[in-house]
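K.L.:
Residue numbers (numbering that gives the first Met the number 0), protein chains in the order written: chain A, 0 to 314; chain B, 0 to 140; chain C, 0 to 498.
Hints were generated in silico from the structure; no laboratory data involved.
It is possible that some hints are incorrect.
What the hints assert, rightly or not - In silico BS3-like cross-links for lysine-lysine, where the CA-CA straight-line distance does not exceed 27 Å:
{"no.": "1", "chain 1": "A", "residue 1": "K88", "chain 2": "B", "residue 2": "K90"}
{"no.": "2", "chain 1": "C", "residue 1": "K300", "chain 2": "B", "residue 2": "K64"}
{"no.": "3", "chain 1": "C", "residue 1": "K493", "chain 2": "B", "residue 2": "K64"}
Keep in mind the model is a prediction, meaning the values are calculated, not measured.
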Amino acid sequence: MKAKSTLLALGASALIALASTASAADWKPDGPLTIQIGFGAGGSTDTMGRVLAKSMEDATGWSIVVENKPGGGGVAMFTGLSQRPANGKTIGMGVSIPVLVQLVNRADQLPFTVDSFDYLGTVAKAELALVASKDAPFDDLESMVAYAKQEGSLPVATMAPPQVLMMDQTKAKTGAEFSLVNADGGAEVLKLILGGQVLAGFASGEHFQYLEAGTMKVIAGANQSRLSYAPDSKTFIESGIEAYVDPVFFLAMRGGTDPEAVAAISAAMDEAIKAPEFAKIVQNAVQGDPINMGREGTKKMMVDGLANAKVLFAK
Amino acid sequence: MVGLSDRISGTFFLILGLTMYLYVNPNYIESVDGGSIAPRTFPNIISLIIAVCGGVLLFKPTSQKTPDLRSVGITAFYVLLLVIGLFAMSKYGFEYVAPVLALAIMLAIGERRPLWLTFGTVGIPLLIWFLVSVVLGRALP
Amino acid sequence: MVDLTTILAGFADAFTLYNLTFVLLGVVLGQFVGAVPGIGPIMAMAIAIPFTFGLDTLPAIAFLVGVNKGGLVGGAVPAILMNTPGTPDAAATALDGHPLAKQGKPLKATKMALFSSVTGDTFSDIVLITVSAPLAILALRMGPIEIVALMIFAFSILTGLIGNSLTKGIIAAALGLLVACIGQDPENYTPRLIFGYWDLFDGLPLPSVAIGMLAISEMLRRMSIAHGGKMKSAIVDMDTGNPDDKRVTFAEYWSCRYTLVRGATIGTILGALPGIGSTAAAFMSYAMAKGASKDPASFGKGNLHGVAASESANSAVVGANLIPLLTLGIPGSVGAALIISAFMIHGIQPGPLLFEQQGRLVYGLFGAMIMANFVNLWVGQIGLRFWVKVVSAPESIIFASALLLCIVGVSMATSGLFGVAIMLIFAVIGYVMSSFGYSLVIFIIAFFLGPRFEKSIAQSLALTNGDLTLMLKSPVAVALLVMSVLSFFWFMRKNAQEN
Chain A
0 MKAKSTLLAL GASALIALAS TASAADWKPD GPLTIQIGFG AGGSTDTMGR
50 VLAKSMEDAT GWSIVVENKP GGGGVAMFTG LSQRPANGKT IGMGVSIPVL
100 VQLVNRADQL PFTVDSFDYL GTVAKAELAL VASKDAPFDD LESMVAYAKQ
150 EGSLPVATMA PPQVLMMDQT KAKTGAEFSL VNADGGAEVL KLILGGQVLA
200 GFASGEHFQY LEAGTMKVIA GANQSRLSYA PDSKTFIESG IEAYVDPVFF
250 LAMRGGTDPE AVAAISAAMD EAIKAPEFAK IVQNAVQGDP INMGREGTKK
300 MMVDGLANAK VLFAK
Chain B
0 MVGLSDRISG TFFLILGLTM YLYVNPNYIE SVDGGSIAPR TFPNIISLII
50 AVCGGVLLFK PTSQKTPDLR SVGITAFYVL LLVIGLFAMS KYGFEYVAPV
100 LALAIMLAIG ERRPLWLTFG TVGIPLLIWF LVSVVLGRAL P
Chain C
0 MVDLTTILAG FADAFTLYNL TFVLLGVVLG QFVGAVPGIG PIMAMAIAIP
50 FTFGLDTLPA IAFLVGVNKG GLVGGAVPAI LMNTPGTPDA AATALDGHPL
100 AKQGKPLKAT KMALFSSVTG DTFSDIVLIT VSAPLAILAL RMGPIEIVAL
150 MIFAFSILTG LIGNSLTKGI IAAALGLLVA CIGQDPENYT PRLIFGYWDL
200 FDGLPLPSVA IGMLAISEML RRMSIAHGGK MKSAIVDMDT GNPDDKRVTF
250 AEYWSCRYTL VRGATIGTIL GALPGIGSTA AAFMSYAMAK GASKDPASFG
300 KGNLHGVAAS ESANSAVVGA NLIPLLTLGI PGSVGAALII SAFMIHGIQP
350 GPLLFEQQGR LVYGLFGAMI MANFVNLWVG QIGLRFWVKV VSAPESIIFA
400 SALLLCIVGV SMATSGLFGV AIMLIFAVIG YVMSSFGYSL VIFIIAFFLG
450 PRFEKSIAQS LALTNGDLTL MLKSPVAVAL LVMSVLSFFW FMRKNAQEN
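Build out the structure end to end from the sequences listed, making use of the hints.
P.N.:
Structural data, given as structure tokens:
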């Protein structure tokens with residue numbers, strides 16, 4: 000068995016050596032590729048990753064195994080990925096913000112930086128909104144701040160550190176008081192809003208049906224640009240709070256991977272993202288179209304994102 | 000001696016609680032500004048509860064019997080077997096280690112019948128491989 | 000809200016041979032995989048989801064419902080036959096189920112579990128189908144403050160399980176809470192006690208802790224007893240000549256009716272409230288059944304009521320988890336989150352418009368659930384005989400294969416050998432704790448509830464601006480706190496009487 004696999008590996012590396020003169024389209028993985036998803040089974044990242052893997056398989060005929068490596072919003076997975084050999088077999092899928100947050104706050108505890116990876120591309124951008132029940136006595140950030148001042152304090156549900164910081168900046172800028180209730184994900188934020196325990200909260204897609212049903216409204220967009228589905232709502236930036244978060248779903252491999260492999264996998268991924276079945280899943284998960292920024296664009300997104308996160312965390 | 004068992008475990012928990020409170024929690028939990036409950040608050044309260052209860056047990060033990068040393072020793076042997084097995088699995092993979100591990104466990108328990116030994120060494124790993132890799136399409140460790 | 004034609008059309012969609020086939024396949028897979036030690040019902044669901052990619056929506060959901068419900072029945076099997084529960088909620092089933100099996104009545108015990116599970120499941124399905132919307136609104140009113148009070152109430156009821164030493168019970172619970180502190184702290188999102196292992200950032204993996212503590216530590220103990228001795232079967236299905244020892248008579252089932260209804264009610268209530276879960280439900284139901292019994296000393300020694308209480312409650316949770324899921328789009332458990340992802344793969348977003356936009360599909364799902372309950376009963380009758388046969392093999396081979404399966408199962412559930420290593424560590428902790436007389440189930444429940452408890456306290460503090468006395472403004476919270484105090488002292492007196 001052992002000898003056989005060694006032979007296979009030798010043969011395969013010889014093939015790779017031969018193929019390296021050919022174009023990227025000719026590159027083929029010697030064995031199954033693995034996509035490691037930095038989140039647990041069942042979430043929107045997991046769903047998108049699995050469907051992406053399936054459309055890549057269908058398009059290329061490669062065999063792709065999908066694994067979940069949850070922990071720290073992808074930090075555990077990227078930590079593991081940065082320690083693996085750069086053999087072009089393992090791809091990581093995660094979301095930019097949680098990784099950037101830890102890179103800003105705990106760089107000394109992490110074995111990787113933004114430069115440790117070869118970026119393959121992005122899948123989608125999550126749009127983050129501050130939402131409230133339709134009966135809330137405010138419609139935008141300004142009137143919400145005014146209401147908070149009038150009431151003395153206003154309960155707001157958050158689900159991640161950047162949102163806490165955005166609300167802290169709003170406090171600092173306007174002098175309004177907010178009690179921040181930390182929830183376990185968007186679904187719990189909705190529960191708190193619907194139950195009347197908080198008056199507003201952050202959500203990244205879980206609220207779409209409520210918008211459609213007219214029982215909730217968008218107070219402000221938390222991304223850099225306005226929300227695609229609520230173009231009339233101002234962003235935090237437009238309301239005078241210089242803060243935003245742009246969570247992007249992206250794929251990367253260990254830095255130093257054979258450029259042929261990176262090019263071929265990135266091309267296959269780009270093809271798969273265009274598949275209509277994948278667009279449907281993305282539409283369901285983030286209410287927007289799939290976005291692929293390409294290899295260079297993804298790298299730029301991470302570098303710029305790190306700079307923005309440093310500003311947000313005042314580091 | 001009545002109460003020895005609880006005195007041993009009570010002492011352990013007294014020390015554990017105090018170590019957590021005085022050393023581990025301050026060193027391995029960050030402190031932050033803001034937030035309605037500090038990261039250390041909850042672990043600290045729990046550590047103190049453990050220490051206090053450990054102390055109570057030290058002075059008011061129940062009639063719990065001390066564990067039988069022989070069976071503890073045998074268990075330690077099986078744990079060691081599993082540790083070695085896991086370590087080997089991380090190096091060589093499940094396919095190669097599982098039959099050996101199964102055989103070792105069966106022999107240690109005292110199984111000598113060749114038919115059962117063969118079934119455990121060959122049949123069971125094969126069944127697991129079939130179930131996991133073929134039927135469920137998942138990777139073995 | 001939904002008109003009758005849609006409801007009927009939905010049910011008509013469900014009751015076809017094609018869908019029945021998928022329900023049957025799902026139930027068989029769920030019961031089988033759920034019963035394999037180390038894999039369990041949640042894993043069964045996670046594994047099954049990719050298989051539904053290519054199916055139409057209704058058969059796909061019907062299949063998953065089958066797996067989910069089959070897994071509930073399957074999960075009780077290793078708990079009863081081997082005393083090695085694969086999930087913490089089945090640990091309550093093992094308390095009386097395993098003694099029954101050891102008395103030579105493995106079939107009776109597993110069948111009682113099957114009937115109780117299906118009873119609890121059907122009860123919560125009926126509640127789901129008839130009154131889910133108003134119940135979901137009611138559940139929303141339970142804010143963080145009420146949840147804290149409810150969890151204190153749950154802890155107070157668990158006093159009934161502590162046994163003879165309150166101090167040691169508290170230590171076991173505190174240790175569970177302490178271990179639950181490992182990972183991201185729920186208020187400030189800082190890494191806590193992870194010692195540089197980022198894999199621990201989301202906390203210790205539950206399957207590793209549960210299977211290590213409950214299943215592996217028990218196997219280690221049993222192996223040390225069997226060591227070097229004469230080879231015997233793991234469990235003997237004794238032929239006493241009395242056919243009643245192999246089945247559950249109607250009189251026996253009927254005598255458990257209050258226990259079953261109580262369990263199903265607890266399960267349904269906790270299931271409708273996201274985040275508390277089936278483990279607490281199973282143990283609360285068990286403790287209450289023991290408290291209500293005229294002969295509490297018989298619990299833990301093979302009382303059918305113990306099996307009935309636990310299985311009716313933990314199965315009812317799963318149906319009731321769909322109440323917030325279908326009406327509000329809020330998943331109440333890992334299993335429910337998996338169902339949401341299956342919906343999303345098929346382009347359906349659960350939420351307040353689901354009944355309006357997909358009414359026919361929802362009633363199709365209800366139809367599939369009803370079918371699955373019947374199929375579960377029928378498949379269970381055959382499947383249980385199979386498992387009882389399996390465990391009549393020699394102990395040596397049962398332990399060797401169960402250990403291998405736990406290693407494989409946990410490594411699948413936690414994606415790697417890191418999770419298996421944690422499992423082994425907790426097996427040792429569990430073995431030592433039980434050797435010194437500390438309750439493992441108390442530890443596990445506390446571990447399970449810990450993060451939610453701390454988070455709810457943090458949320459309550461934020462909402463009351465740090466003044467927890469404002470809790471007293473919530474009538475529900477006050478009622479729950481009063482009940483907590485009463486039940487604590489009542490159970491303490493009961494414990495004292497028993498000793």
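K.L.:
Any of the earlier hints contradicted here, and which numbers?
P.N.:
none
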